Amino acid sequence: MKYKVIHTTQYQYAESVSHCFNLANLVPRNTERQRCISSRIMVSPLPTTTKQRTDYFGNHSYHFEIQTAHTELSITAESLIDMQSSPAALKLDLGMSYGDALQYLKLSDSVDVMNAKEFLLNSPMVKISDELADYARPSFALDRPLYDCVAELTSRIFNDFQYTPGFTTIATPLTEVLAHKRGVCQDFAHLEVGCLRAMGIPAKYVSGYMETLPPPGQEKLVGADATHAWVSYFSPKEGWIEFDPTNDLRANNQHIVTAEGRDYYDVTPVKGVIFGGGKDPILSVSVDVARIP
Amino acid sequence: MSDSLTPPNQPLPTVASQRQTQDAVSLMSEQGRGSAMYPRPSQDIPDQVYADDGSIKPEWQYVLDSLHNLGPKELQERQEKARRILRDDGVTYNIYDEGLAANSHWELDLVPAIIGSDEWAKIESGLLERAELFNLMLRDFYGPRELLKQHALPAEALFGHGGFLRACQGIQVPGEHELILHSVDMIRDQQGTMCVLSDRTQAPSGAGYVLENRTVMSRVFPSIFRDSHVHRLASFFQRLRQKLISLSPSDSQARVVVLTPGAHNETYFEHSYISNYLGFPLVQSSDLVVRNGFVWMKSLDGLGRVDVILRRIDDVFCDPVELRSDSHLGIPGLLDVIRSGRVIMANPLGSGVLENPILLKYLPAISKQLLGREPRLASVTTYWAGDADDLEYICANLHRLIIKPIYRGTSMSSFWGGDLRPESLADWAVKIRQKPHQYVAQERVEKSHIPTMTATGLEPRPAILRTFAVATDNSYIVMPGGLTRVGLGVGQQLISMQAGCPSKDTWVTATEPERVNDDATTEAGQAELEALLVSLPSRVVENLFWLGRYAERAEASLRILRTVFMLINGEQPISAASQRVLLRAITEITDTQPGFLSASDEQLANPETELLHIINDGTRSGSIKSTLNALLFCADESKELLSSDTIRVINDIRDALDNLEVSLAGGLSSAPEEALDPLVIPLMALSGLMQESMVRGVGWHFMDMGRRVERAVQIMKTVTTLITPEVDKAESDVVLHAMLRSMEVLITYRRQSRARAGLAFGLELVMLDPTNPRSLIFQFEQLQHHFAVLRRGDTNFTALAEEDRVLLEVITSLKLSRIAQLVEVSDGSRQNLALLLTQLNKLLSEFSNLVSDKYFDHRIDPQQLVTTFWGE
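If you read the sequences in order, they're chains A and B.
For the first sequence, the residue numbers in this note's numbering are 1 to 293.
For the second sequence, the residue numbers in this note's numbering are 294 to 1165.
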């Protein structure tokens, strides 16, 4: 299955911006499930310098600097992605138990495990807490397959939390999300990452897109798709497995990955520093995920 | 007096203990060993001076004898002299708690810390090895991370440290070494063995203070210093300078800058001192910009490319785009320029990861992996709570361990368990178990003591030494000695500058004079140094401009105050109307409206309260105090361009300002001039020095321009308030007199006025006489002259620049004016004069804006597009 993703980010400023430096994580990375065939980024006004590089986490970072005064900034990323068919139907429910996984993580000296430990610790936006551990614990039993534990945790987040756009911002701390049981996909992904780490399981934050299908008989609206976020946990010997708590799903070939990191901080789609611009810039984002025959 | 020579050994001296000590001294003297100056401390105080057999170690003998021979009185005088030099040089260490303006004076204890050169050779080789080791670790952490793969270090120890900056992965520094500067805090333990407490690998501070301490010591004790054959410091700084230049990625002449967080930083003195010593411009982050993939310094002649940055800012604050987004000290886009190798930073960003104290625990294993052997220098025994066994040990022994967070960026500071009550120890045990990766514990090492001057003579004080190593072409070199700091009391654990602990010069002494290897390459840098000094950050130039303006403004305010005091308190009483005009002039000239403008007759008759406010109310804009505070701020910001004499005079102003309350305590009525003298005198000295001891570079031209602009403003204000209104004949003499006196042309006027008539002649002197350096036209002609000099050699423009046009218009208007018309009165005022002054005033403010727009930086503060969390 091939997809074309067009992701446009626009900022409107109250006052002129004389100069800006930005860093975008918009070009999808290659994973076991997907290959990015081509990608281009268009920025308006035209940047003075641009640079693409692979960052610490293996994501594609795009740096640009604009020296033209502007009141509107627009960044469009257009990517063509080839998704492999659904991940091999492993009999994961017979996989390693949670208890064995913990033991293995503790004792193994493989490089995979060493690298996974990066995702076991506190990160800029996810702090492990007793509250997170208390919430996660009922799903985890030492003799239970780890996959089952995570699948159940994912389902519980899906059921216990209400998807409420506008209730949180990206700066809302996890404790508040947990207290009000509301949020959006980023909050749920952060929450599950935090729960998994609190239970001693390495977990990544994954940002990307998900294809949305219109109700039967209706035509799909262009730009109606959205950026999405989910989690990936590390199962010793089995590798990284992705779950989507917003939709209570194992990530499948509708989940297109842009970037992975410890949390949103590592994969922020567009960030940067502007000179001028006045107060409260207006942000609008539109995403279009289309199947290519 | 001689009693003060025999120090009590106990922290709290009592009569009894003093008596005992005196007995001990006489006993030792009889035995012909020990020092009357510094008797052997009691057994429970580890001491560096005495060997186990009770004899004084040879390296200490000479210095202690010499100090003894000087006698207590002489020693006191030398300490005073040292204090004076430090103060005159403006050596400060700002202590955060005291508010922004506070300057805390640097404390130097006159007894040097002494290390024999044989012993130093061992310490030095240990430090060299350690610097190499840390360099290899840095390279590995941001590269292959073999140390983790080989299990020399647990993964969590690196990944969980706040100083591990993932954005810095793969940054390359040219040359053999990534780590350019490496500092170590070390102590001598009870056995006399050197033991490292911590490593400083970001932007180690202290080297500049070492240099200043050395300068003072060699001036205060020239002969003791000379005869002790102390190893010199200069080559360390020469190597540092060479290394920084060699890092430059550019083919053309290297431009190196020193990046400081600004004048409020605790070690700002050192930043300006080092930048001056090395001959590199001192910049703040707002002086630098990233454009087109390079870093540039904003200077008067536009943007100049920067190749190497010696940073005094912690790495996480250096770039708000990729590092801490809430930083105001950063340069947006910097990290990516570093990544592409177009600017080199020393130390490289990310080097803070080496300050992780967990590394001390694993250092033997790491060293075996990287160097094939354990390190020669011992580190303090360190436990990491992230290790299961260590965690249990720590929790069981909290009461006797020092607990530290692994990352300095957190708000928590380290503490000694012995200082806490059992309940809070239990709380800590819980806290540590919650985040074990984030804490280490260290054994408490009793620091060895060295003699230190106190009010009652020499006493033992615990000492800590900070050493400095710099990378050279293929190795490191270590500064001989370093910065010694001593505790305030016997056995004190925490020794820090923040706590006000004094410092010492550290002498590595040889039995023979050091052979000075004059490195032929060292002076080659002199020519390029001068070239570098030509371009200054525009911020510095702006501050010099305002330094000139504030100095002139303060002088003008003081002059009009003195003039008015003199007339009011003079022999001949002046009328109430005259008094009103004069007091109003004060309000106008000092810009402290409404002041006397809206005063009642009673207030005008008793002006003292308001006058005191105008002098002393720092919160009131325009007061003498607030103007001088602004002047001091500008001086701090441009410190590196001021001569040492100028800095001394600036310090006099600061002191006079601090003492203003006292000088004014008696009120103004008794002796107003005496009260203001302490301010007037250093201001006069400052203005003299600005003329006589400053190189006529760009900086001076702008400072003098500031003076001229301000003086022109003040002349116009004075003439407007005193001369424009029509007054009675009797008052007319008083105001003319006031104007001439405050403009300092009264004598000239008197000498010539037999031939010429009153007001018209006075006005001509003040406004139109090109030979009077205080006349209005003189100021404008000087401004013209400054621009002519600054543009010399610039052949790009043959047409007049905007600022030249304005000046030409001002001067022409002045020259074309007729005095007879200006003094004419109609409808109660001199309207022609008022009209001319209004026009000139408008032109002058236009001129001032032009200069500001063209030469000074107008920074727009950056803001973040997205706000994300950072930190713990």
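A portion of the hints provided could be inaccurate.
[Unchecked claim] Residues of chain A placed beyond 12 angstroms of chain B at every Cβ, according to the derived structure: (1) V111; (2) K127; (3) D160; (4) W240.
[Stated by the list, open to error] Dumping the calculated SDA-like pairs for lysine to any residue here, alpha-carbon to alpha-carbon at most 20 angstroms: (5) K127(A) <-> Q727(B); (6) K51(A) <-> Q462(B); (7) K2(A) <-> G200(A); (8) K374(B) <-> N944(B); (9) K271(A) <-> Q1156(B); (10) K127(A) <-> I725(B); (11) K366(B) <-> A329(B); (12) K724(B) <-> G200(A); (13) K4(A) <-> T76(A).
Read the hints as simulated data drawn from the structure, not as lab findings.
Keep in mind that this is a model prediction, so the values were computed, not measured.
Positions of the beta carbon are idealized from the N, C-alpha and C atoms, including for glycine.
Hints and how they fare:
1. V111: V111(A) not clear of chain B: closest Cβ-Cβ about 6 angstroms, inside 12 angstroms.
2. K127: violated, 8 angstroms
3. D160: holds, 24 angstroms
4. W240: holds, 17 angstroms
5. K127(A) <-> Q727(B): Between K127(A) and Q727(B) the Cα gap is close to 12 angstroms, so the pair holds against 20 angstroms.
6. K51(A) <-> Q462(B): holds, 16 angstroms
7. K2(A) <-> G200(A): Given pair K2(A), G200(A) is violated - Cα atoms ~36 angstroms apart, limit 20 angstroms.
8. K374(B) <-> N944(B): holds, 16 angstroms
9. K271(A) <-> Q1156(B): Given that 20 angstroms is the threshold and the Cα spacing comes to 11 angstroms, the pair holds.
10. K127(A) <-> I725(B): holds, 15 angstroms
11. K366(B) <-> A329(B): Between K366(B) and A329(B) the Cα gap is close to 15 angstroms, so the pair holds against 20 angstroms.
12. K724(B) <-> G200(A): At roughly 18 angstroms apart (the allowed maximum being 20 angstroms), G200(A) and K724(B) satisfy the hint.
13. K4(A) <-> T76(A): holds, 13 angstroms
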